[in-house]
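**Student:** Sequence:
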Amino acid sequence: MTRIAKLYCPYCGKPLERREGDGRSRLYCGEERRFIYENPIPAATAIVTDESGKMLLILRSREPGRGRWALPGGFIEMGESPADAARRELEEECGVRASDPSLVDIIFQESAYYGASILIIGYSFAGYEGRPRPGDDAADLAFFDPSLLPDMAFEAHGRMIKRYLERREELRRLWTEEF
Numbered sequence: 574m575t576r577i578a579k580l581y582c583p584y585c586g587k588p589l590e591r592r593e594g595d596g597r598s599r600l601y602c603g604e605e606r607r608f609i610y611e612n613p614i615p616a617a618t619a620i621v622t623d624e625s626g627k628m629l630l631i632l633r634s635r636e637p638g639r640g641r642w643a644l645p646g647g648f649i650e651m652g653e654s655p656a657d658a659a660r661r662e663l664e665e666e667c668g669v670r671a672s673d674p675s676l677v678d679i680i681f682q683e684s685a686y687y688g689a690s691i692l693i694i695g696y697s698f699a700g701y702e703g704r705p706r707p708g709d710d711a712a713d714l715a716f717f718d719p720s721l722l723p724d725m726a727f728e729a730h731g732r733m734i735k736r737y738l739e740r741r742e743e744l745r746r747l748w749t750e751e752f
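Residue numbers 574 to 752, in the working numbering, belong to the letters of the sequence shown in order.
What the hints contain is simulated information worked out from the structure, not anything from laboratory work. Don't take each hint at face value.
What follows is a list of derived Cβ distance ranges for each label pair [claimed, not checked]:
{"id": "1", "residue 1": "Arg639", "residue 2": "Arg592", "range": "35 to 41 Å"}
{"id": "2", "residue 1": "Glu611", "residue 2": "Ala699", "range": "18 to 24 Å"}
{"id": "3", "residue 1": "Asp623", "residue 2": "Ser690", "range": "30 to 36 Å"}
{"id": "4", "residue 1": "Arg670", "residue 2": "Arg591", "range": "44 to 50 Å"}
{"id": "5", "residue 1": "Gly586", "residue 2": "Gly708", "range": "36 to 42 Å"}
{"id": "6", "residue 1": "Pro719", "residue 2": "Arg591", "range": "26 to 32 Å"}
{"id": "7", "residue 1": "Glu702", "residue 2": "Glu636", "range": "28 to 34 Å"}
Glycine is no exception: its CB is placed at the ideal position from the N, C-alpha and C atoms.
Work the whole structure out from these sequences, hints included.
**Tutor:** What follows is the structure, encoded as structure tokens:
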């Protein structure tokens, strides 16, 4: 993957250079005397099922993945927890409110579209309220039987669904346990 280096320090605006740090070539600001770390971009996805166990997916209306199916999700905003981001994206893209998030997995994926590494943090929800309707960057939405899923827009979403299916009984127990 080709990486486009940041040329100026985000703190002082001075030009950056590359230096060896912790055994790696890293961006460095001589003025600030600090390394500038290039970190993965965090994103969150939501897994919601209906009463029959069918999974809610959106048909993407924009790139990346335009015209293909995906889990509802998107980038985590500043000051927002991953679970809150998954909940927000579900509401924006599907018009439903979710409850009781459970962490499914965290998946790493390189994105040629964004030219960066992405960490996808997936949550399943015990239930939802509202009538699903496409919104935000969803052209359509539908519930799919997990054994008959369409071709997914993102390989990582397919892996997240697989992980959810492996853990779904455990996750259901978490939702129903009383404390």
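**Student:** Would you mind marking each hint as holding or not holding in the structure?
**Tutor:** Hint check:
1. In this structure the supplied range 35 to 41 Å holds for Arg639 paired with Arg592, their Cβ-Cβ distance being about 40 Å.
2. Hint check: Glu611 to Ala699, Cβ distance near 36 Å, so the stated range 18 to 24 Å is violated.
3. In this structure the hint that Asp623 and Ser690 lie 30 to 36 Å apart at CB holds, the actual value being about 33 Å.
4. The supplied range of 44 to 50 Å is met by Arg670 and Arg591, whose beta-carbon atoms lie about 46 Å from each other.
5. Here the CB-CB span from Gly586 to Gly708 is close to 38 Å, well matched to the stated 36 to 42 Å.
6. Pro719 and Arg591 have their C-beta atoms about 46 Å apart, which leaves the hinted 26 to 32 Å range violated.
7. At roughly 31 Å, the beta carbons of Glu702 and Glu636 sit within the given window of 28 to 34 Å.
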